[in-house]
Each structure stands twice: as structure tokens, then as C-alpha cells.
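Participant: Just need the whole structure built from these sequences, with the hints factored in.
Using our numbering, you'd call the opening residue of the sequence shown number 1 and step up by one each time.
Derived from the structure by calculation, the hints contain no laboratory data. Yeah, the Cβ is synthetic: ideal placement off N, Cα and C, and Gly gets one too. Do not take every clue at face value.
For lysine-lysine, the following DSSO-like pairs were computed, each having C-alpha atoms within a straight-line distance of at most 27 Å [what the hints assert, rightly or not]:
#, residue 1, residue 2
1, LYS121, LYS72
2, LYS95, LYS121
3, LYS37, LYS75
4, LYS98, LYS72
5, LYS37, LYS98
6, LYS98, LYS115
7, LYS37, LYS72
8, LYS98, LYS75
9, LYS95, LYS37
10, LYS98, LYS28
11, LYS95, LYS115
12, LYS72, LYS115
13, LYS121, LYS98
14, LYS75, LYS121
15, LYS95, LYS28
16, LYS95, LYS75
Computed spacing ranges between beta-carbons, pair by pair [to be verified]:
#, residue 1, residue 2, range
17, LYS115, ALA66, 38 to 44 Å
18, LEU53, LYS115, 38 to 44 Å
19, LEU53, PRO113, 35 to 41 Å
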Amino acid sequence: MRSNSTLCPENNIFARPQDPSKRTIVEKIDTHESLDKVIETQIQPAIVMAGDLYQADVMYVVAEGAILVDIKSRKIVDALVALLATYYMYNVEQKVGKNVFCFLDMVLMGIVPPKCPAYVKTLIGVLSNM
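Facilitator: This is the structure:
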């Protein structure tokens, strides 16, 4: 059975829609040349990185065309924590990747969001019993 992210590219957190208002929470850029353009057009808070996911050359948390945090460690976990903190600091509604943020809220912060889907809660229950 194929996953929804395969069938529906808009559900894939690494897919890059052309419309800047429909961008994802993680933007992986292959070259530094297009990095500035992606940062300038990013509206929602997101992680933008150049290079490989596990060995990024640069990694930032960006929003509204500006770099908010330079992730010096280049670790995706640090970037996710900084991204989550950005949403809370600026009180921004999570429009993209709501299930991912629900998962992160529960795992990292111990917060159960009111509209968290049952399957996210089930996944956390299964992972905690491993």
C-alpha cells in the first residue's frame, strides 16, 4: 500500500510547491544559488537547508523572507526544536505540517494539542512501548 505522501505531494514535508504560500516546513535546496530566493519567498516559519539532510552545508529557520535562526550544529533535531520555538514565540498558526507539529508538541514538550489526530496519539503510544 502506498502512503499518502507518495500519492499526494502536498502532504510530503520535503516537496516544494511553486506557490510560496503552500511551502513546506522543511525546504532542502541542492545548491547555494537558489538559497536566497527560497528564503526571500518563505512566508511561514520553516527550516531551509543547503546540501544533504544529514550533512547540511547551512541550515536556517526562516520566516517572512528573513533568517530567524542560524542552526550552527547543522542537526535537523536542533532545527526542529528551533522551528517549534519560533511558532510559539511569534504565536503563528501552524498551517503546514500540523500532524508533524502535533507529534513534536507531544514528544518534545509534553503538550497534547486539542485537535491532535488519534493516529498521532496512537503512534506516540506505540513508540513509547518499544
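Participant: Provide an ascending list of the numbers of those earlier hints which the structure does not satisfy.
Facilitator: 1, 12, 17, 18, 19
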